[in-house]
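**Q** Here the protein sequences come in this chain order: A and B. Position one of the first sequence corresponds to residue 1 (UniProt numbering), numbered consecutively onward. Position one of the second sequence corresponds to residue 1 (UniProt numbering), numbered consecutively onward.
In short, the hints are calculated from the structure, not lab data. Mixed in with the good hints, there may be bad ones.
Repeated chains share a single entry, so a pair holds when one copy, or any two copies, can fit it.
Straight-line distance between alpha carbons at most 30 angstroms, and here's what the computed DSSO-like set of lysine-lysine pairs gives [stated by the list, open to error]:
| id | residue 1 | residue 2 |
| --- | --- | --- |
| 1 | K286 | K537 |
| 2 | K785 | K202 |
| 3 | K643 | K856 |
| 4 | K863 | K202 |
| 5 | K203 | K856 |
| 6 | K258 | K331 |
| 7 | K863 | K198 |
| 8 | K153 | K856 |
| 9 | K640 | K856 |
| 10 | K322 | K643 |
| 11 | K917 | K600 |
Number of protein chains: 2
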Amino acid sequence: MQSRNSLIVSQAVNRGIFTANLSPATKRISMMLGEEDEPQTPQLFTELDELILDNKEQLQWKETARWIEFEEKIEERAERWSKPHVTTLPLHSLFELRTCIERGTLLFDLEANNFKEILEIIVNNEIPTGNQKSVLKEKVMHILLRTHKHHIKTSRMQTMLDLLRGASYANKSASLNSNTTADFTNEISDKPLQEQLKNKFKKQIPEGAEVANVLVGEVNFLEKPFVAFVRLKQAMILGALTEVPLPTRFLFILLGPKTKTMAYHQIGRAIATLLTDELFHIVAFKAKLREDLLAGVDEFLDEVTVLPPGKWDPTLRIAPPKILPSPHKRKSMYSLGSKVHMYKGNQIQHEERYGSNLHVAEDLKRTGKLFGGLVNDIKRKAPWFASDFYDALNLQCLSAVLFIYLASVTNAITFGGILGDATDNMQGVLESFLGTAIAGTIFCLFAGQPLTVLGSTGPVLVFERLLYNISSDYQLDYLEFRLWIGIWTAFFCLVLVATDASYLIQYFTRFTEEGFCTLISFIFIHDAFQKMFNLAKNYPINSDFNIDHVTLDHCLCLPFETENVSSLFNETTETHFKLSTATYNTTPNLESVNWPSLTKQDCLKHGGQLVGQTCDYIPDITLISFILFFGTFVCSMSLKNFKTSRYFPFAVRKLISDFSIILSILIFCGVDILVGVDTPKLIVPSELKPTNPHRGWFVYPFGGNEWWMCLIAIAPALLVTILIFMDQQITALILNRKEHKLKKGAGFHLDLFWIALIMILTSFMGLPWYVSATVISLAHIDSLKMETAKSAPGVEPTFMGVREQRVTGLLVFILIGVSLCLAPILKYIPLPVLFGIFLYMGMSALSSVQFMDRLKLLLTPAKHQPDLIYLRHVPLRRVHLFTLLQILCLVLLWVLKSTVAAIIFPVMLLALVWVRKAMECIFSKHDLSWLDDTMPEKENKVLVDKKAEKAASNNECEDSEYLYLQKGCDINISVN
Amino acid sequence: MQSRNSLIVSQAVNRGIFTANLSPATKRISMMLGEEDEPQTPQLFTELDELILDNKEQLQWKETARWIEFEEKIEERAERWSKPHVTTLPLHSLFELRTCIERGTLLFDLEANNFKEILEIIVNNEIPTGNQKSVLKEKVMHILLRTHKHHIKTSRMQTMLDLLRGASYANKSASLNSNTTADFTNEISDKPLQEQLKNKFKKQIPEGAEVANVLVGEVNFLEKPFVAFVRLKQAMILGALTEVPLPTRFLFILLGPKTKTMAYHQIGRAIATLLTDELFHIVAFKAKLREDLLAGVDEFLDEVTVLPPGKWDPTLRIAPPKILPSPHKRKSMYSLGSKVHMYKGNQIQHEERYGSNLHVAEDLKRTGKLFGGLVNDIKRKAPWFASDFYDALNLQCLSAVLFIYLASVTNAITFGGILGDATDNMQGVLESFLGTAIAGTIFCLFAGQPLTVLGSTGPVLVFERLLYNISSDYQLDYLEFRLWIGIWTAFFCLVLVATDASYLIQYFTRFTEEGFCTLISFIFIHDAFQKMFNLAKNYPINSDFNIDHVTLDHCLCLPFETENVSSLFNETTETHFKLSTATYNTTPNLESVNWPSLTKQDCLKHGGQLVGQTCDYIPDITLISFILFFGTFVCSMSLKNFKTSRYFPFAVRKLISDFSIILSILIFCGVDILVGVDTPKLIVPSELKPTNPHRGWFVYPFGGNEWWMCLIAIAPALLVTILIFMDQQITALILNRKEHKLKKGAGFHLDLFWIALIMILTSFMGLPWYVSATVISLAHIDSLKMETAKSAPGVEPTFMGVREQRVTGLLVFILIGVSLCLAPILKYIPLPVLFGIFLYMGMSALSSVQFMDRLKLLLTPAKHQPDLIYLRHVPLRRVHLFTLLQILCLVLLWVLKSTVAAIIFPVMLLALVWVRKAMECIFSKHDLSWLDDTMPEKENKVLVDKKAEKAASNNECEDSEYLYLQKGCDINISVN
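Required output: the full structure, derived from the provided sequences and hints.
**A** So, in structure tokens, the structure goes:
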């Protein structure tokens, strides 16, 4: 026995630093795992039942814990399942379990018809025959056949009923759902009970799973432990043994003398944990000899992680980690015959970081042929065209349509409103709706990436504002000038398509994306506040107002000639009032205008003048506007974040979160109506005609401006081209990232092609220009994500891919077209509410940019800094330096934007690419690879770099350790 | 060898279910730990250094990890220390370490003069003499004498300098702070370097700690591992070996052949972890034989917790848990000679829950004598009186004074303002200040618990309002009636003191406390909103205002007789305007009042009337008031929560959080001034005279009311007595809880005695009544908490107790007296700001009540429910039932309070005690003990119950497992 026990340790040591050969256990396991041709072993559901005394002092088996992936135990008194947690075991119990397997009865591939038969075989095997022993056998059989009490979760309905009845229970302790079916013998039923058949927990167990039943308990008649491990030849349902009516494959029984309850309990947990282990599980299925099982235990022991006693309270429960070691990797170590420790984190990290770029690169190779990229795109996407329609046959798509419709409508309203404000309603909400509907429908039908949602975006808006200002400054026909710019931009875009220029987007690293996004967000935020301050200027508050003087405050309309008189005397209201009435009385020779009865507008029209303290002030409107503005912002922010709160079921929270913007708009429109103050509202024409009555639905290319203006338009068109190209392709880059697991490929060239064509159309119709809207497109993808449905407690569902199809987008834009008749409703929306949404959009876009995280780092003492992955690899001062440089770039861009050079800001944006390039002189490649993506230099070199990096990372593999936080590391996706 | 290796396993098994004797290792350790008379072993700082190649391809030792309690490793590329984390080890490495100790050189109590001498002894010991071997020896010596590179954190200043210089570094990789002191030989210096002497990390190492140096590395000239473990007879500083210049006691050296870096690294971590362990650490200090050390390793192994490989990524770092097993418990297991597993959590839990009541019970025993309790209190407190003054000699007290002063002033302003509002300024802000100063000073000088801070509280406020309303309804002299109530209340309180009635507070369980607190909070919140709505009613908004009609809107003051005329015509403004001016012109026979020039007040005074649309409306004030109200609330909430944010150093955050209320008041006073609208302000007299001019500083007991009113006052006095008693004693109960570790004892009777005396004084002076203010008193204790100063990374500082003294309180109240001259500043505070603070106080009091947690549970699906301790022990439906009953009680109380029966609501509050008693019919004792505290029945019975409960908890000890969350379980303290 001594020599056998020593096996474990000698193994461990033999594989250590003193010698280097493989241990016999490893060899054995390698052989067992090597038989790859066999079918996959089914998953196991393990249930631990322990022997207890029930209310009537009778022995009974009671389920105390269960495992699929993680452990759930019963909270004894609370009668509920605990949260799933990682099983922690005393090392001790694993050793004891090993001894149990060593000494107990092992029956592999047992054939029997029912539970009783199995038990008889076991008992006969474990207890040698003999007269005295037959009593013992009967006793053991009696114990093993007691009923099993399970804790089965009842529905919410049932719980509520219980609750109502609860008050009448009085002091009587609540009874569990025990098997009180008129079973007087108290013996286990040979058929599953009703409640077991109805158990909803079954849904969480993977298809085809089998059961392992672990029974442990202490009895007073045994002198030494009774141990048996059984694998059935054919898995079968053993009556009411298991919580769920699934076939049992394994049975582990441990009965022993009194006084060691906790020991038995721990051994039970140990075997359950082993059976849950991916490797031991295979060993258990394939074992033919006792040695096989023992080797399995030894290999398990060799891989366990140990927590030191003084630094960890063994009674703490550990929540399941987000990242788990891959079982394939563990298995493959054996098939390779070599034993390396796993450091998965780092490699995944690297794949994620480098993979995304490389993946995109495939779709972006330069063909060298004219329109080669476009042709490739069409060739790639054409075979999927039919499936793009029938893939949409899923209910999820319907909810996606509704969600994206609302998001798009909000976007159209908001941008339409702002655009109308910026261009004196040359393009208003109605144009925004119409344009979105037309452009979106065309794009969704024919584009390369139909998951993209077109929309008005910040950069274009900024440019439109500049364009309108220039047009009015130089008295140009805005729409005609804009048409020419559109035509030229489309032309340049087509040139870019023809030359496969989209391959250049590989130079758009995180640095460029973030610069772009941050600037746009700042513009949003700045604009929202500027609008509000302008509003406050237009509706000034009378801060000198005195309730007591209300009788003295007036605003009178007087004929113009009395100006001098009144201005002389308006210090003393009294005289002024006398005078003004006197004036009125003494000037009957004027035309029969009844001055005091004129409204403000009429008064000014008639050349009258307004005299009085209240004329210049407008009460309430500014204040209510600010309330609406901040209210909408805070409300949409908090509703959006409601998803991560704990209250209400997930579905309700998701609903509220998804509809957050529309809800806040509705709430604050309600507030506005309730207060009843005449706040400035959105201007929407009630018929299908342009918002501005001075324009039509077709813009004529000539007539308004000089003919040479169409050539001058080339210059701004170049700038718009840069803007459109960057905006479109950065979004496309984010959408087509590898983590979205898109299967139908991207279509960078094809997308740009259609953007160009749509641009020509919208320019001619005087509608806004459209490119991909990042936030909404990401939301689109998000609402179409497929995940594995069933998942064991504590296991996160796996992301399977996205429903790639054209139908959702199509329906969304058709719906937007239909909602053109929303105009009568839209005019109730106060402008401050829209500005609030604008602020929200800017803020929420900012919050998803890594740059902001790094900004926060500047304010955070090192001790409190979150455990971000780049902080582990780049010195803090380099991170700060990078951030400071980024701030500098942004400040420069902002200054440029605010000066006369504003119009060339697209070029400046593009200049970020060179700034990033220049940074390579300051930062090492290693630092940049963590703070940013790598830039391609020559394609071969990237691969070499990548390999070198990987090799390096293998050396310093311990660096991949994550601090185990509840939230897990968050890798941010930059979003505009 | 085989037989020795088998020791571990056979031990584990021997102590298991198959046999029951103690293993030899356990016996050995028990004996070693048994020698209790020896002095305490010093704590250890362990440093792991590994052999690496530096930039110049030279071998060098580099510090890679360090331990005090938890592990910190160096993030290689980021050049920073990781967050402290629990060391996780492969089981493997522990076994290998065991073999190392088994085979390597062990030198106990080595005597040597310097590092070189030690190394020579080791090398001579490990490598047998011989010609060939001398080369090897030299090589080993050469390696071991290489310089050691440490990562020493530079100051923030230095980091900023580096950052600025950073830009000029170009691509050059940043160099670590290596020992580049002109040491050409590259050999370790025999004196600590400058940077080591300056290392600030030393502050985090406990006083008197010694060092254990672990050196591991791979070299190419060795064929088998070179292992040595050394304990020095006298700890001494070994030159520049250690990061901090502390004396080294232990040295572990492991050199081995190439290819196994990770293995060496892990063994290094294993020995470091062992040396960090409280038990092994003693073993290491006392070991005399190899077997002692091995037994230590075995015992360590026996206690480790194991994580299964497939369910846990070994590279994850685990943050230090909040609760650690107590080392004393672990040691005591050995001294008892028996081996039980530790389940500390549960017992602490129980002690905390039952202990607090029992602890208080000692001070509250019924003496049976008249004033027996009071005499005992005085006897208990008198010896501390002197120390109550000199214990305050600490800088912490000064900051506490400032903080509590601000909190008290805010409280006085807020309650004074509200009280003034409720009593038509019979008691205003000035009275509040004066009363607080007088009452507080007296109480702090003579009371039993000088940490208590007196203040106006919600319940008293509610009662004062009721009293004032009744007085005005029945036209009583409010102050005189109140004086008699005060006198009677004081009398009843003295009776309560005389009869030791304070012992009854043991019946105030959490249920009663929470009912009380929640009701008060609701009253606060309700009042704040009611005030705001009243304000909105007083300052109505003109929702029909039309900018265009500004010229037609007027409010004119007209003589009264024209009423009929104007009311007939005021539909059409035009005619009205004509008429009114006509009226003015045609009524010269009236007295020479110039009607249009009168202000609103003058107009009404002269019997004129106001005509016009704008007369009834007051612009802007309501809206700005709501902005100020919600603004102040949100601002104070978020500033308060700023403490838990991650930005800025802790001191800054604490400052902002502590001053949150005063800051928000200042900010929104600023906003108010900025907008300039004439919002309603706090009324404060600028001189030291009563706010209401109709009263003086002394209230005469007779004269105002009928003489028999002083007898009728007995009835309300009884109610006030209940209120005062509950409010005072619940606060005292919370303050004197065991978790505050107060050493000078409580003084329940003495406190009540002084409250009664002060009540007589304030009643005569017409000042507010005072009892203990819970929130401020808790803040007081909080700001006086003493904690262990030095703490190892990852270890929470231990709470030592509270600076119990009378000086801080005294100074606070003297300061409040001085600040009576603040009046000119106070009148700038708008009332809505105070209402906002009121709302904040109500909300923040609510948030700390467990009842609110349970309310939230009603809305939370079971899956997302936090892992609250009572949810593990009480079925969810019982928890919900308890919550629902509590809601019912509160609704009933609220209804009562709102009806005519309002005045008896103190009795209703007291009735909660009986409701709680009645609950014992519905809920089991076990459930109530988790949801509430136990109620005393007979003192003996409590003890018996407690023991039974404890015994039960030992049986189900696994129930004490906590889910390991970053935040840790929060046990809420209910606070009003």
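**Q** Determine for every hint whether it applies to the structure shown.
**A** Results for each hint:
1. K286 <-> K537: Neither: 82 angstroms inside a chain and 82 angstroms across chains, both beyond 30 angstroms.
2. K785 <-> K202: within (25 angstroms within a copy, 53 angstroms between copies)
3. K643 <-> K856: both (24 angstroms within a copy, 16 angstroms between copies)
4. K863 <-> K202: between (46 angstroms within a copy, 17 angstroms between copies)
5. K203 <-> K856: Answer is between: at 28 angstroms across copies they meet the 30 angstroms cutoff, but 44 angstroms inside does not.
6. K258 <-> K331: between (40 angstroms within a copy, 27 angstroms between copies)
7. K863 <-> K198: For K863 and K198, only the inter-copy Cα distance (20 angstroms) is at most 30 angstroms; the intra-copy one is 52 angstroms.
8. K153 <-> K856: between (45 angstroms within a copy, 21 angstroms between copies)
9. K640 <-> K856: both (22 angstroms within a copy, 20 angstroms between copies)
10. K322 <-> K643: both (19 angstroms within a copy, 29 angstroms between copies)
11. K917 <-> K600: neither (61 angstroms within a copy, 72 angstroms between copies)
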